[in-house]
Amino acid sequence: MNSVIDLDGLSVDFGRPILKDLRAEMRGKAIGLLGPNGAGKTTLIHTLLGFHPPSRGTARIFDQDITAGAKQIRRFIGYMPERDSFIAKMTCVHFVRLMGELSGLPSETALERAHEALFYVGLGEARYRKLDTYSLGMKQLAKLAQAIVHGPKLIILDEPTNGLDPPTRLRMIKLIRDIRDSGQANIVLSSHLLRDVEETCDEILVLKEGRIAVYANLEEERKANRKFLEVETRGDNRAFVEAIGGLGCEYAQTGERRIKLVLQNGVEVRDLYKLAAERQIQIRRLNYKRDSLEDIFLKAMEDGNGQEFSAQTLTRN
Amino acid sequence: MAVYEHTYRQYEGPTTPEWSRFLIIPRHAYRSIFGSKLFIALFVACFIYPLIASIFIYLHHNVNAMAIMRVSFGDLVPIDAEFFQTFITVQGIIGFFLNMLVGPPLISRDLANNALPLYLCRPFSRAEYVIGKMSVVMILLSLIMWIPGLLLFGFQAYLEGGGWLWQNLHIALAIFVGSLVWILLLALLSQAVSALVKWRMAASAALLAIFFIPSAFGEIINNIFNTRGGHLISLRAIIGNIWSGLFGTFVRQTGSFRGRINGQRISFTLIEPPLWSAWLALILIGALCLYLLVRKVRAYEVVR
Chain A
0 MNSVIDLDGL SVDFGRPILK DLRAEMRGKA IGLLGPNGAG KTTLIHTLLG FHPPSRGTAR
60 IFDQDITAGA KQIRRFIGYM PERDSFIAKM TCVHFVRLMG ELSGLPSETA LERAHEALFY
120 VGLGEARYRK LDTYSLGMKQ LAKLAQAIVH GPKLIILDEP TNGLDPPTRL RMIKLIRDIR
180 DSGQANIVLS SHLLRDVEET CDEILVLKEG RIAVYANLEE ERKANRKFLE VETRGDNRAF
240 VEAIGGLGCE YAQTGERRIK LVLQNGVEVR DLYKLAAERQ IQIRRLNYKR DSLEDIFLKA
300 MEDGNGQEFS AQTLTRN
Chain B
0 MAVYEHTYRQ YEGPTTPEWS RFLIIPRHAY RSIFGSKLFI ALFVACFIYP LIASIFIYLH
60 HNVNAMAIMR VSFGDLVPID AEFFQTFITV QGIIGFFLNM LVGPPLISRD LANNALPLYL
120 CRPFSRAEYV IGKMSVVMIL LSLIMWIPGL LLFGFQAYLE GGGWLWQNLH IALAIFVGSL
180 VWILLLALLS QAVSALVKWR MAASAALLAI FFIPSAFGEI INNIFNTRGG HLISLRAIIG
240 NIWSGLFGTF VRQTGSFRGR INGQRISFTL IEPPLWSAWL ALILIGALCL YLLVRKVRAY
300 EVVR
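Note that the protein sequences, when read in sequence, are chains A and B. So in numbering that gives the first Met the number 0, spot 50 of the first sequence is number 49, and the numbers just go up one at a time. So in numbering that gives the first Met the number 0, spot 243 of the second sequence is number 242, and the numbers just go up one at a time.
Hints may contain errors.
[To be verified] Listed below are the simulated SDA-like cross-link pairs for lysine to any residue, each with C-alpha atoms no more than 20 angstroms apart in a straight line:
hint : chain 1 : residue 1 : chain 2 : residue 2
1    : A       : Lys129    : B       : Asn113
2    : B       : Lys36     : A       : Ala87
3    : A       : Lys173    : A       : Gly136
4    : A       : Lys70     : B       : Phe38
5    : A       : Lys88     : B       : Val293
6    : A       : Lys138    : B       : Leu110
7    : A       : Lys129    : B       : Tyr29
8    : A       : Lys129    : B       : Gly34
9    : B       : Lys295    : A       : Glu293
10   : A       : Lys173    : B       : Val293
11   : B       : Lys197    : A       : Lys28
12   : A       : Lys138    : B       : Lys295
13   : A       : Lys28     : B       : Gln9
14   : A       : Lys70     : B       : Arg125
15   : A       : Lys88     : B       : Asn113
16   : A       : Lys138    : B       : Asn113
17   : A       : Lys152    : B       : Val293
18   : B       : Lys197    : A       : Met89
19   : B       : Lys295    : B       : Ile284
20   : A       : Lys88     : B       : Tyr29
21   : A       : Lys88     : B       : Leu110
I should point out that these hints are in silico values taken from the structure, not numbers from a laboratory.
The shape of chain A in the complex, shown without the other chains (with noise of 0.2 angstroms):
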């Protein structure tokens, strides 16, 4: 499969580096650009839409490089923003059609079009309303019609679920999922909720202060379908962890008391009882636990080094 987003040593400086070197190949249906605060996920956003240029390095959709072909990607790119964007004093059924026509859509089609978006969204009934009028939530779905109007093959949606109630929440998660599933366009999902991303995306990108902290296929991760075992112990436990390291197991110290592991073939759960017994250590509590993207952020915010580095690497100490 092509790559859908190719970061091709992706750099950006505002008189300071804002990103760092950024290099992958995403092929996902659903990507999902995660990351604290001033990470970078908005700017590498506006950098592959052209708003930025690379102070060095490149990038590429669907093998169109962003700075020679900026023009030739936006006809593709459909783009949510995160802050409120809209034209004034417009119903929505004219804005979404003003949009689908700056994307070169005939007038007529436009029109159609921008009724079918509408209705796509739910905001069918609402269409001839004037956008100052909508709730928060209904300006989110007007802007994700916006996005969508002209058809595109790549949709880029910044914080969509930003503000929106949790009945809201979920019809833009669906649509999300049912634009993914469609099979007709890719999607690029920025969040800062982890729950967006891990219902509607493949692929993750975790970026940490301007550099691609973790790549994941979360579709494989899922399919790999490993447990973690989850133990919360008491007492002085570096001579446990060492002798689980010693029964060949793939472990994580998570806290002072807890311990992630894999359990390797022929290692049963008593033994880690029997390791504990003759230490001395009191295993309080044991969980099986799939490797959730919430462990795979929490270990990425965690590393310092801020390295590229797969999924499977999170339990290697």
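Knowing the structure of chain A, use the given hints to seat chain B on it.
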């Protein structure tokens, strides 16, 4: 994404030519502009003077009408370069007020509503955006300046017959170029102000100030120093001189003084700045406006 299907589908149909996309902006802008009663009243008023001018031209060539109205040929103003220059001047002044109503909110509203990323994430450049916004003003002002001006010229040429058209072709050129220069200047000024000032009323006031304050200041300089150099900072004087140059009515010596002040005999002449300096001032103003537009019209401002 058909309404009944409720599924997402890509668009693979025909697209509009790229060169024509800037015209989408004025087409949509006129919807709200022509929704204003104040604008419609002013727009209709813009056609009063062309109507009067056409009556003048008609009277010039209709002896019966002159007899009915009891006017003699000598009472009527001659239909010459000055007649058309007056026409452009009157329409230019009305155009300025029309521009004050239409121009300032065009970019400022988009900036206030963070709409620029929506325009610029599409195959639509910043230049196309600015040209689109400027064309909202330019099309409207064209409708009240050079288009009726050339129609009047054609009307006069038709009624006059003979070689009048060829002898006075420079007037047609002056109507077109003179109007275009003024329209372009107004469009650039209003869009630059609109990009700088987000509040519509403040933007309109700023536009008025740009026009009148330097003019007043220029007149003060002229009166204190007995010169015409102050006209170089007066937009009114700059465009007036350019129009005069185009219509062939430009006179450099505009006055003289001879007399005694405190017992000393003094004489001087008032000389208008040369035409090239008016053109240069105009180009500098235009360049400044373009610079401001380049700085302000961005999808996002980068905070360094």
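These are the hints, each one checked on the structure:
At most 20 angstroms may separate the alpha-carbon atoms for a hinted pair to count; Lys129 of chain A and Asn113 of chain B meet this at roughly 17 angstroms. For the hint linking Lys36 of chain B to Ala87 of chain A, the alpha-carbon distance of about 19 angstroms falls within 20 angstroms, and the restraint holds. Distance restraint check for Lys173 of chain A and Gly136 of chain A: the Cα-Cα separation of roughly 14 angstroms lies within the 20 angstroms cut-off, and the hinted pair is therefore satisfied. Restraint check for Lys70 of chain A and Phe38 of chain B: not satisfied, since their Cα atoms lie roughly 36 angstroms apart, outside the 20 angstroms limit.
With a CA separation close to 26 angstroms, the supplied pair Lys88 of chain A and Val293 of chain B exceeds the 20 angstroms bound. Distance restraint check for Lys138 of chain A and Leu110 of chain B: the Cα-Cα separation of roughly 18 angstroms lies within the 20 angstroms cut-off, and the hinted pair is therefore satisfied. Among the hinted pairs, Lys129 of chain A with Tyr29 of chain B is consistent with the structure: their alpha-carbon atoms are about 17 angstroms apart, no more than 20 angstroms. A hinted pair counts as satisfied when its Cα atoms are at most 20 angstroms apart, and Lys129 of chain A with Gly34 of chain B qualifies at roughly 15 angstroms.
Restraint check for Lys295 of chain B and Glu293 of chain A: not satisfied, since their Cα atoms lie roughly 40 angstroms apart, outside the 20 angstroms limit. Annotation: proposed proximity of Lys173 of chain A to Val293 of chain B is violated, straight-line Cα distance about 40 angstroms (limit 20 angstroms). At most 20 angstroms may separate the alpha-carbon atoms for a hinted pair to count; Lys197 of chain B and Lys28 of chain A exceed this at roughly 40 angstroms. Taking the CA atoms of Lys138 of chain A and Lys295 of chain B, the gap is near 26 angstroms; set against the 20 angstroms cutoff, the hint is violated.
Note on Lys28 of chain A and Gln9 of chain B: the hinted pairing holds, with a Cα-Cα distance of about 15 angstroms set against a maximum of 20 angstroms. Between the alpha carbons of Lys70 of chain A and Arg125 of chain B the distance comes to roughly 11 angstroms, so the proposed pair stays at or under 20 angstroms and holds. Simply put, Lys88 of chain A and Asn113 of chain B have alpha-carbon atoms about 14 angstroms apart, close enough for the 20 angstroms limit, and the pair holds. Annotation: proposed proximity of Lys138 of chain A to Asn113 of chain B holds, straight-line Cα distance about 13 angstroms (limit 20 angstroms).
Distance restraint check for Lys152 of chain A and Val293 of chain B: the Cα-Cα separation of roughly 30 angstroms exceeds the 20 angstroms cut-off, and the hinted pair is therefore not satisfied. Restraint check for Lys197 of chain B and Met89 of chain A: the C-alpha separation of about 18 angstroms stays at or below 20 angstroms, so the hint holds. For the given pair, Lys295 of chain B sits about 17 angstroms from Ile284 of chain B by alpha-carbon distance, which is consistent with the 20 angstroms threshold. Between Lys88 of chain A and Tyr29 of chain B the CA atoms are separated by roughly 12 angstroms; this keeps the pair inside 20 angstroms, and the hint holds.
The suggested pairing of Lys88 of chain A with Leu110 of chain B holds, with an alpha-carbon distance near 14 angstroms, which does not exceed 20 angstroms.
When the structure is compared with the earlier hints, violations turn up for hints 4, 5, 9, 10, 11, 12 and 17 and for no others.
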